[in-house]
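**Student:** My request is simple: use the sequences and hints to build the entire structure.
With our numbering, the residue at position 22 of the sequence shown is 22, and numbering never jumps.
In case anyone wonders, no lab produced these hints; they're calculated from the structure.
Please note: incorrect hints may appear among the correct ones.
Quick list of in silico lysine to any residue cross-link-like pairs, SDA-like style, CA-CA up to 25 Å [to be verified]:
id, residue 1, residue 2
1, Lys82, Ser43
2, Lys82, Asn100
3, Lys99, Ser87
4, Lys71, Phe89
5, Lys80, Pro91
6, Lys42, Glu83
7, Lys34, Glu72
8, Lys80, Thr22
9, Lys80, Ala32
10, Lys35, Ser87
11, Lys36, Pro91
12, Lys75, Lys99
13, Lys35, Glu95
14, Lys39, Lys80
Label pairs and their calculated CB-CB ranges [to be verified]:
id, residue 1, residue 2, range
15, Lys80, Gly106, 37 to 43 Å
16, Phe97, Lys35, 18 to 24 Å
17, Glu11, Asn38, 27 to 33 Å
18, Gly8, Lys76, 20 to 26 Å
19, Asn38, Lys80, 14 to 20 Å
20, Lys35, Trp102, 33 to 39 Å
21, Asp25, Ser57, 22 to 28 Å
22, Trp102, Ser62, 28 to 34 Å
23, Glu29, Asp56, 15 to 21 Å
24, Ser62, Ser87, 16 to 22 Å
25, Leu109, Arg19, 27 to 33 Å
26, Pro88, Ala30, 30 to 36 Å
27, Ala108, Glu15, 42 to 48 Å
28, Asp56, Lys35, 29 to 35 Å
Cβ coordinates follow ideal geometry from the N, Cα and C atoms, glycine included.
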Amino acid sequence: MLIISYRGMIEQAKETYERFNTAYDIIMEAEANKKKLNKTTKSLLEIMIQEAFEIDSELRKSLPGLNYKLKEMLKKGYLKPKEEDISPFEPVTSELFYKNFWREVGKALKGN
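**Tutor:** Here is the structure:
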């Protein structure tokens, strides 16, 4: 019998979520104060945001507001998912998937 413990994965997700919230707060505060983030700070924040996006989507559902905030970071350009991560089944990228999908449909229709 194989027993899998998710305790480590859940603890890791919680730590990543806390770091993400710190990054999110820094970005929102900078925007509210109309301050521009330097490249190094922005890069570090993007890494923390990407790590939060990499949390399993089922686990992300249990972390309050995470998917909503990740969508916001995607729209602001702080989250840059890889092409293979954009999916209609991924709560954060589904809008982007359909936007790209309909753009391609439009191109195909214009081509005919």
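**Student:** Against each hint, give a clear statement of whether it holds in the structure.
**Tutor:** Verification of the supplied hints:
Between the alpha carbons of Lys82 and Ser43 the distance comes to roughly 16 Å, so the proposed pair stays at or under 25 Å and holds. Our distance criterion of 25 Å between C-alpha atoms is met by Lys82 and Asn100, whose separation comes to about 14 Å. For the hint linking Lys99 to Ser87, the alpha-carbon distance of about 11 Å falls within 25 Å, and the restraint holds. For the hint pairing Lys71 with Phe89, the CA-to-CA distance comes to about 14 Å; that is within 25 Å, so the pair holds.
For the hint pairing Lys80 with Pro91, the CA-to-CA distance comes to about 15 Å; that is within 25 Å, so the pair holds. Pair hint Lys42 plus Glu83 holds up; C-alpha atoms about 22 Å apart against a cutoff of 25 Å. Under the criterion of a C-alpha separation no larger than 25 Å, the hint pairing Lys34 with Glu72 is consistent with the structure, at around 18 Å. Between the alpha carbons of Lys80 and Thr22 the distance comes to roughly 19 Å, so the proposed pair stays at or under 25 Å and holds.
Taking the CA atoms of Lys80 and Ala32, the gap is near 22 Å; set against the 25 Å cutoff, the hint holds. At roughly 33 Å between alpha-carbon atoms, Lys35 and Ser87 are farther apart than 25 Å, so this suggested pair is violated. A distance of roughly 29 Å separates the Cα atoms of Lys36 and Pro91; the hinted pair therefore is violated under the 25 Å criterion. A C-alpha spacing of about 12 Å is found between Lys75 and Lys99, which places the hinted pair at or below 25 Å, so the restraint holds.
With a C-alpha separation of about 29 Å, the suggested pair Lys35 and Glu95 falls outside the 25 Å cut-off, and the hint is violated. With a C-alpha separation of about 16 Å, the suggested pairing of Lys39 with Lys80 holds against the 25 Å cut-off. As the Cβ distance of Lys80 to Gly106 is approximately 23 Å, the hint placing it in 37 to 43 Å is violated. One distance hint, 18 to 24 Å for the beta-carbon pair Phe97 and Lys35, is violated here, with the actual separation near 33 Å.
In this structure the hint that Glu11 and Asn38 lie 27 to 33 Å apart at CB holds, the actual value being about 32 Å. One distance hint, 20 to 26 Å for the beta-carbon pair Gly8 and Lys76, is violated here, with the actual separation near 31 Å. Separated by about 18 Å at the C-beta atoms, Asn38 and Lys80 satisfy the suggested range of 14 to 20 Å. The hint said 33 to 39 Å for the Cβ distance between Lys35 and Trp102, and at roughly 36 Å that hint holds.
For Asp25 paired with Ser57, a C-beta distance near 23 Å keeps the hint of 22 to 28 Å intact. The hinted window of 28 to 34 Å between Trp102 and Ser62 holds, with their beta carbons roughly 31 Å apart. For Glu29 and Asp56, the hinted distance range of 15 to 21 Å is not satisfied, since their beta carbons lie about 29 Å from each other. Separated by about 20 Å at the C-beta atoms, Ser62 and Ser87 satisfy the suggested range of 16 to 22 Å.
Distance hint for Leu109 and Arg19: a CB-CB separation of about 44 Å, inconsistent with the stated range 27 to 33 Å. The given range of 30 to 36 Å is respected by Pro88 and Ala30, whose C-beta atoms sit roughly 32 Å from each other. The hinted range of 42 to 48 Å is satisfied by Ala108 and Glu15, whose Cβ atoms lie roughly 44 Å apart. At about 34 Å, the CB distance of Asp56 to Lys35 agrees with the hint of 29 to 35 Å.
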